[in-house]
Amino acid sequence: MSAEMVTCVIDGIELEVEKNTLIIRAAEQAGIMIPRFCDHPLLKPVAACRQCLVDVASPAGPEGKLRAFPKPQPACAIAVTPGMVVNTQLTSAAARTAQEQVAELILINHPLDCPICDKGGECPLQNQAISTGRPISRFNDKKNTFPKPLQLTPQILLDRERCVLCQRCTRFAAQIPGDPFIALQKRGANQQIGRFDAATLGYAPSCGEAVDEAVDDSVTPAGEPFAGYFAGNVIQICPVGALTSAAYRFRARPFDLVSTASVAEHDSNCSTVRVDCRRGAVLRRMAGDDPNMGQEWITDKDRFAFRWQVAADRLRRPQVRVDGALQPVSWPVAIAAAAAILREAQAGTGVGVLPGGRLTLEDAFAYAEFARRVLGTDNVDFRARASSPEEAQFLAHHVAATGVGVTCDELVAAPAVLFAGFDPEDEGGVLFLRLRAAGTKVFSLAPFASRAIKRLGGRTIPLAPGAEAQFLGELAESAESAESAESAVVESAAAGARPAADVVELREALRAGGVIVVGERLATRPGAYAAALRAAQSTGARLVWIPRRAGERAAVEAGLLPGLLVGGRTADAVERDAALRLFGRERPPAGGMDLPRMLAAAAVGDLDALLIGGLEIADLPDPALAQVALRRTKVVALQVRGDELAEWADVVLPVAPPQEKTGTYINWEGRLRPFPQVLTSTAPSDARVLQAITDKLGYAVHFARVGKVHEVLEDLGAPEGRPAPPNRPAAAASPLAAGEAVLSSWRQLVDDAAGVAEEPYLTASSIAARARLAPATAEALGVTTGDVVTVSTARGAISLPLVVEAGMVEDVVHLPLKSPGSWVHATLGAADGSVVRLTASPAGPAKEEDE
Amino acid sequence: MSKKTGTLDPTRREKGFLGTGVAPWAGFGVTLRTFFERPVTEQYPFKGKYPPPYPRYHGRHQLNRHPDGLEKCVGCELCAWACPADAIYVEAGANTPEEQYSAGERHGRVYQINYLRCIFCGMCIEACPTRALTMTTFYELASAQRADMIYTKDELLAPAAGGMLAAPHPMAEGATDDDYYAGRVSGPTSQQVEWVERRRPDDPTLPTAREAARAARGPVRPPGAPPPRPPLPELEGGER
Numbered sequence: 044m045s046a047e048m049v050t051c052v053i054d055g056i057e058l059e060v061e062k063n064t065l066i067i068r069a070a071e072q073a074g075i076m077i078p079r080f081c082d083h084p085l086l087k088p089v090a091a092c093r094q095c096l097v098d099v100a101s102p103a104g105p106e107g108k109l110r111a112f113p114k115p116q117p118a119c120a121i122a123v124t125p126g127m128v129v130n131t132q133l134t135s136a137a138a139r140t141a142q143e144q145v146a147e148l149i150l151i152n153h154p155l156d157c158p159i160c161d162k163g164g165e166c167p168l169q170n171q172a173i174s175t176g177r178p179i180s181r182f183n184d185k186k187n188t189f190p191k192p193l194q195l196t197p198q199i200l201l202d203r204e205r206c207v208l209c210q211r212c213t214r215f216a217a218q219i220p221g222d223p224f225i226a227l228q229k230r231g232a233n234q235q236i237g238r239f240d241a242a243t244l245g246y247a248p249s250c251g252e253a254v255d256e257a258v259d260d261s262v263t264p265a266g267e268p269f270a271g272y273f274a275g276n277v278i279q280i281c282p283v284g285a286l287t288s289a290a291y292r293f294r295a296r297p298f299d300l301v302s303t304a305s306v307a308e309h310d311s312n313c314s315t316v317r318v319d320c321r322r323g324a325v326l327r328r329m330a331g332d333d334p335n336m337g338q339e340w341i342t343d344k345d346r347f348a349f350r351w352q353v354a355a356d357r358l359r360r361p362q363v364r365v366d367g368a369l370q371p372v373s374w375p376v377a378i379a380a381a382a383a384i385l386r387e388a389q390a391g392t393g394v395g396v397l398p399g400g401r402l403t404l405e406d407a408f409a410y411a412e413f414a415r416r417v418l419g420t421d422n423v424d425f426r427a428r429a430s431s432p433e434e435a436q437f438l439a440h441h442v443a444a445t446g447v448g449v450t451c452d453e454l455v456a457a458p459a460v461l462f463a464g465f466d467p468e469d470e471g472g473v474l475f476l477r478l479r480a481a482g483t484k485v486f487s488l489a490p491f492a493s494r495a496i497k498r499l500g501g502r503t504i505p506l507a508p509g510a511e512a513q514f515l516g517e518l519a520e521s522a523e524s525a526e527s528a529e530s531a532v533v534e535s536a537a538a539g540a541r542p543a544a545d546v547v548e549l550r551e552a553l554r555a556g557g558v559i560v561v562g563e564r565l566a567t568r569p570g571a572y573a574a575a576l577r578a579a580q581s582t583g584a585r586l587v588w589i590p591r592r593a594g595e596r597a598a599v600e601a602g603l604l605p606g607l608l609v610g611g612r613t614a615d616a617v618e619r620d621a622a623l624r625l626f627g628r629e630r631p632p633a634g635g636m637d638l639p640r641m642l643a644a645a646a647v648g649d650l651d652a653l654l655i656g657g658l659e660i661a662d663l664p665d666p667a668l669a670q671v672a673l674r675r676t677k678v679v680a681l682q683v684r685g686d687e688l689a690e691w692a693d694v695v696l697p698v699a700p701p702q703e704k705t706g707t708y709i710n711w712e713g714r715l716r717p718f719p720q721v722l723t724s725t726a727p728s729d730a731r732v733l734q735a736i737t738d739k740l741g742y743a744v745h746f747a748r749v750g751k752v753h754e755v756l757e758d759l760g761a762p763e764g765r766p767a768p769p770n771r772p773a774a775a776a777s778p779l780a781a782g783e784a785v786l787s788s789w790r791q792l793v794d795d796a797a798g799v800a801e802e803p804y805l806t807a808s809s810i811a812a813r814a815r816l817a818p819a820t821a822e823a824l825g826v827t828t829g830d831v832v833t834v835s836t837a838r839g840a841i842s843l844p845l846v847v848e849a850g851m852v853e854d855v856v857h858l859p860l861k862s863p864g865s866w867v868h869a870t871l872g873a874a875d876g877s878v879v880r881l882t883a884s885p886a887g888p889a890k891e892e893d894e
Numbered sequence: 662m663s664k665k666t667g668t669l670d671p672t673r674r675e676k677g678f679l680g681t682g683v684a685p686w687a688g689f690g691v692t693l694r695t696f697f698e699r700p701v702t703e704q705y706p707f708k709g710k711y712p713p714p715y716p717r718y719h720g721r722h723q724l725n726r727h728p729d730g731l732e733k734c735v736g737c738e739l740c741a742w743a744c745p746a747d748a749i750y751v752e753a754g755a756n757t758p759e760e761q762y763s764a765g766e767r768h769g770r771v772y773q774i775n776y777l778r779c780i781f782c783g784m785c786i787e788a789c790p791t792r793a794l795t796m797t798t799f800y801e802l803a804s805a806q807r808a809d810m811i812y813t814k815d816e817l818l819a820p821a822a823g824g825m826l827a828a829p830h831p832m833a834e835g836a837t838d839d840d841y842y843a844g845r846v847s848g849p850t851s852q853q854v855e856w857v858e859r860r861r862p863d864d865p866t867l868p869t870a871r872e873a874a875r876a877a878r879g880p881v882r883p884p885g886a887p888p889p890r891p892p893l894p895e896l897e898g899g900e901r
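Heads up: the protein sequence lines correspond to chains F and H, in order.
Going left to right, the first sequence walks through residues 44 to 894 as my numbering numbers them.
Going left to right, the second sequence walks through residues 662 to 901 as my numbering numbers them.
Calculated from the structure, these hints are not laboratory results.
Treat each hint with caution, since some may be false.
Heads up, simulated EDC-like pairs for lysine to aspartate or glutamate below, C-alpha to C-alpha not over 20 Å straight-line [unchecked claim]:
id	chain 1	residue 1	chain 2	residue 2
1	F	Lys-497	F	Asp-260
2	F	Lys-186	H	Asp-840
3	H	Lys-814	H	Glu-760
4	F	Lys-497	F	Glu-520
5	F	Lys-497	F	Glu-548
6	F	Lys-185	H	Asp-840
7	F	Lys-191	H	Asp-840
8	F	Lys-114	F	Asp-54
Just chain H, same shape as in the assembly (with noise of 0.2 Å):
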């Protein structure tokens, strides 16, 4: 056992003879040996990829669509109420026939995410009940702008990729915002194409999507179908 010094660090042994004399030139030891190795410095932004980050980074957000492509987003502001920063503006809006953007009566029609206030902590994730909003790893976010920093829908919003059918559309025929909740709705229907085809010729996701309605042939559950628990005696007046 060692005696205990002055020093600072209680766990620290005395040095002996040698370790004393060599001590001042330890150090360059390291140096030596990082001569011969590696730099790890990423020149980033300047050179190479882009550093990837961890799975769960909380990077910018993303408004999540239905598989049909429909927002999942519903306007309800509780993102807005759990952020504790400040940072997010919701306005709601109806869905009218002619502007079917969400599954339901009520859709996000203004969404802004001011990442000059956002400190990335994830509440809004959590507060989000249809699972519209979640967060991507993406973390370049920055600008000369302060404008530019307060990101709207349009931005926020996910790419309709995988055949969805970009919003304003209906809903999949004889579907609830029940099933779209319950992932009864796989993809865009034949209905749902040929309405967008019949506004909106030109729409980029058009193609995909046709593909995708002739692939699945409409909902995974047709209309009418019972829904997975054994139906109970249907109330008069019930109707859906």
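Chain F on its own, in the form it takes in the complex (with noise of 0.2 Å):
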């Protein structure tokens, strides 16, 4: 697409820049710094700062003469036209006097206070000043003058008296992730930026109910108005040290840091960060530019939570269990001690190897070498969450080897996306910024519209967690029945209050070129992922997996998965010669089991040993039945972390965490996103732990070096032909017995996990957990908004707060699944989409519900 170009002059400088390009783009273009605060790139022009005034004249009149505009204008809100000419502070004395005289203006409320200012060092304000300010002030007044510093979410500070009014930060809450926490305050020489504050404002309750029909009424923990998953990217953006950031707060000064760039770990968009660490610890991370993905911003997450790394229960030395305790001991001990665990298991009952979804692609190929070439087993699983075998079949068939599939640009771009078992803004992190820049029409199969949907204007097409195989199913169904409206899913939308205008546009558009989205949460839907194939087949959408952990999709690609072998193969598929290539024998062992199973075997004893490695047992679907296998087997750890450890882990092997390692993650595109090395460290990777229990039990197998799997891939190239895709039907949906709901649980994009261990300023940012449900069932209840509502099974009970949820599906509650208060699987041994009981509070006098 070329796009269509224009000519103009910039101080002297002739260059040809696209339409529409504004003054100060083009600047760049020609290598010209015009001075700004407000402009921000990935933000619509407001010219509030008046920082980047220059000389424009344009050609006007019927003859085209070029006539200059009586004042100087503001660079970044005017548009290149053809034949412009602009004389920037460099070639003109008029721009020149009016940028100083902005900048002195600026200048006047300002504190000065650059000493204790942590913006002090990598300051716009301090920078321009020096570049484009007056040296004096002749302002000889009082400064206006504010306490500080007002909290206006637990991890972000605001110092008015340090703001310039550019309205960056106010522009971003609105215009990027519609989180409208923060907004202009007051007018004229009183004007401030603010969270509502009724003492700020002089705000009368008696006045009326003047509070706006917000979004969705999130709070935090402490009861204040949840401010958004991207809050922190508006302490980068502003230009000044009036937005700081708690966690980093008088920590360092720029000229300390070392920075790296670096990827962050906590979801699978693998967003681009910058890591800033000084004397061998990281204190702050920074959003990196990465067109492609999060553009210039970053989740909260993967801002403010990487004091996991360091956390206190961080492992540092090697553990054998003796006399049954842990026992600090040296490396060759513990590795010959791990070694004769798996030779022993090896030659009993077997090893399962649990590897976690956190890991690089290095490390995830070195698990799967040393299961299948080493332990000559095929029980690995890397899903340490809700799964299931179709899944694993869903992952060979269509996205193990497939290289870079749909990418994030062409999803924003598609015609419309629907989201099934997948939540695009907790589950997918900055792919929700990305879509509400693009505008992208979405839809999502959900039993409620979720904040992100709200706030991207999607359509939810409700259903009950289960319902969506049906679904997917019939809408496969109604796009093969050729252009019939009337078709099943039309007919089924109306039984089932689905608006059915919503379906057949929705069956349109992915026929059109649209995009299914799955997400990790069908694994739990018998039939779903056949369905979303089915459907993506016979709409000609395509279909991408996008899983919730940055180390799942590298971990599919290493094989790591039971008869899923590296690059794709499977076990009963792969070419005999490629078999001895890569595993020395004919056929790669085979028939394994996954997590589930090989948990439930080794409670029982038909396991002898464990080697697990990143695993957190309350993110497993069951973890009462892990805890029993764990304690019961012998068990190897390669573990960052684990307090837990101490119960059961039989040999603990501490490895490296991301930022002391080098490697490569593979975000849900299919991109390669290496990393390197941030910190000195002498803890070892885990593939270079797994390689000297290799060397010790005697075998010749290299995989620990870090280009090897590259060359393994490259080497196996692409397969010839693809396992068979899943083809379990749905499953119908059970009937519920009085006083039963079925569950919908999902992981809030920050919650209790390892991830933000050690955080306290961003899981006090958090959502607070709240029970959910529709109108209906919280009136047959008798409970209502703000009540409490206890979800049960016969293994425990969550009681929490309840927001009803207008337009919600009937007889379904809504849990975070493991927010503070609210541990699905730990507590009730559920997972999205069992059936549970509902009550209304038990503490509640007289509300008992026992029908």
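The two chains are supplied separately, each in an independent frame; assemble them into the complex guided by the hints.
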């Protein structure tokens, strides 16, 4: 696509730029830096700060005579027109004077407290005051002062004295995530940035309920309005020190920091980040520029959650169980102990390998090689979450070795995107921002419209958890059965009170090149992956799997699933010579167990040892069973941290967290995301530890070299055929008894994850856990918003305040999967889609519901 | 005018007969003269007193205090930034109501100067925005241990003398950090003394501070008093 070009002259340099380019951008192309505060390439122009004033002349009149604007104009808000002549501060005295005077004006109320300001040293205001400001201020009076700092959210502090009212933060909040947590307040000289604060605004509750209808009423654990998962970005884009981070407050100066471009480990977007460290400790992370994914934004989790890597329970020394307790030992002793356990188990009933979903490609490859070539087992499963054999089949068929599939750019440019088993914000992170910025039409198969869908202006097709497979199947059928609008899906939509028009629109949009996004939650819906594949095939839509964790795609590529080998080969379809080359035998080990089966086998003593890595028990679908299994068998654990290991691990081998090793993630697009080692460390990667055990066991297998996996994958190339797709039929939902409901549950972006350990400011800024019910269900239960409801199973109960969600599917209760006070797997032993009992608060007097 | 000879020093005049004859013995005249003079050799450090340096001698650093005993250092690291020898290491910290070390929000939590690196150039002194860091004339800086040559904050901090009250304690009532920098706080107030009495009754600076507070009856500029310049119409919302 070649854009229309216009020619202009900036400071005597003639250049050709795309039409509608702003003067400030065109000048950048010519290498001319016009000072600016409010301008940001990803935000709409506002011309609020007036720092970028330049002299502009453009041809006017019938002869096209060059006519100058009477006054200097803001370069950030005027697009280049053909023949425009711009003179910046470099060539125009008027522009120079105008900029100097604006800088002087901006500095009038600025406290000049640079020595105590976190921005000092990397502050555009400092830099531009020097480059374009007047040497001396003529202002000789009292400056406006405010109490400081104001806590906008627990992690964002606002210092109003320093603010130059450029409105980057308010524009970000409104335009990018749509979390209007910050706004301009008051007028004239008293104008300031702030969040709703009755004291600041002189707001009296008696003057009417002026609170506008918010998109959501989410609150933080302290009861304050939730500011969104992307609020931390305003700290980075603030051109002065007005918005600062509580966690980074007074921690360092820019010249203390050593910056490393890296990749965030918290979600499968693998966002580009810049890691800043000082004296061997990471102090902060900033968003890097990644035009293909998050642009210049990252989630607050990627930004603020990094201390987990050096948390108090970080393992520093190898440990071996001696006389019932873990004792610190040397590396050779620990490696020998691990080798002995694995050798013994190999001779016995076998070893299960549970490497977890957060590995780099290199480490995932090491686990795969270690399992198949050294241990000779196919018992390997990376999915430390609810999963199913059908999902493994789907991943082998649709994901493994497919290279770069649907990219983020393609996804947001699609005519429509359908989310199934996936929440674009909680499970999608910055993908949500891209969708919102692009205005992509989205449809979501969910029991209610989540915060994300509401803010995307998307349509929710209300479905109880478990009904997705049936819907997708009907969608496929309707697309297959030619042009008939009166198809099954529309009928069933009408029956199920779904907007039939939405469904038809969805079908047509998918036909026009839409994308179906499936998430990890579809694993618990029998037949859903098969139906999604069918729907994609019949509508011609593209299908993309977006996992939550950063390491899952790499684990699929490396073959960390039973029956799936490296490079997308399957155990039964791998070529003989490839098998010989890869595994040193004609047939690779096959018939392995997946995680639930391994744990079940281990629990009854049918599996002698488990090799685990990066596993958190509470993440597993059945933590109680896992506890039994891990206590029963010998366990060799390769972990970064873990207090709980003391209870059941027999050999603990401490491995490096991402910032202490180099590696490659693969994001959900299939792009390789390599990252360097940020800190000097002696902690070995998983691959090196596994290599040491391999050497100890006496195998001549080598996989620990960082480039090895890339050579193997290149050598293998794409597989010739693909394994069969899953073809499990959709299961009909079992009828609910009275007082029962279907549990809908997914993880909030910031919850009780291991990755947010020791980040008090981040967790204090997250959403408090709430239960959600449809109005009718709530009414039947006799509760309303704010009441406490109890969700229980035979194993336990979770009581949470209720939010009545209009438009939610009846007889469904939604809980966050692992938020404070709502550990669904651990407390209930239930998963997304399970049937649970629903009661009104047992604490309430005589409110016991037990029909 | 004497004619120039081939000597190295062109200004030297060629000696006459007598000069040439006595020259080999002339040097002994100096020797003989000093027989009758007092020796100037200092037996430092074994004998005698500490030889006083010039008043502007660049010696060991000192971290100063405000008159009420709060530290002047705000941990801005400008000294570390200015240091050409990378001898200074600073980590800042936030003041809290219970732990107020300096005026304002920020204090120097960690402060180290490595005297094995310091070249005593004084750039740090010039850089300091609060006059917290100055140099004393003290030069007895030697140790057999390298680690001893890294001076930490407790060694560099000036003793709380002259009625000062050792930090941490709250700022003088009603005073802002600007008041401190403008010298409008002249000593500890009775509230500050009380605060410390409640928390650290054994603080050695308490007796003198108590006396100073009694003598001064609070800060020179009582809270609410107009600032030195005639006040302008107060902007609404411009509350302190």
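For each hint, the structure was consulted:
This hinted pair checks out: Lys-497(F) and Asp-260(F) have alpha carbons roughly 12 Å apart, not beyond 20 Å. Between Lys-186(F) and Asp-840(H), the direct Cα distance comes to roughly 14 Å. Compliance with the 20 Å bound is thereby established for this hinted pair. About 16 Å separates the Cα atoms of Lys-814(H) and Glu-760(H), which keeps this hinted pair within 20 Å; it holds. Of the pairs offered as hints, the one joining Lys-497(F) and Glu-520(F) is violated, with about 29 Å between alpha carbons and a cut-off of 20 Å exceeded.
For the hint linking Lys-497(F) to Glu-548(F), the alpha-carbon distance of about 18 Å falls within 20 Å, and the restraint holds. Taking the CA atoms of Lys-185(F) and Asp-840(H), the gap is near 14 Å; set against the 20 Å cutoff, the hint holds. A hinted pair counts as satisfied when its Cα atoms are at most 20 Å apart, and Lys-191(F) with Asp-840(H) qualifies at roughly 16 Å. Pair hint Lys-114(F) plus Asp-54(F) holds up; C-alpha atoms about 17 Å apart against a cutoff of 20 Å.
The earlier numbered hint that this structure contradicts is number 4, and it is the only one.
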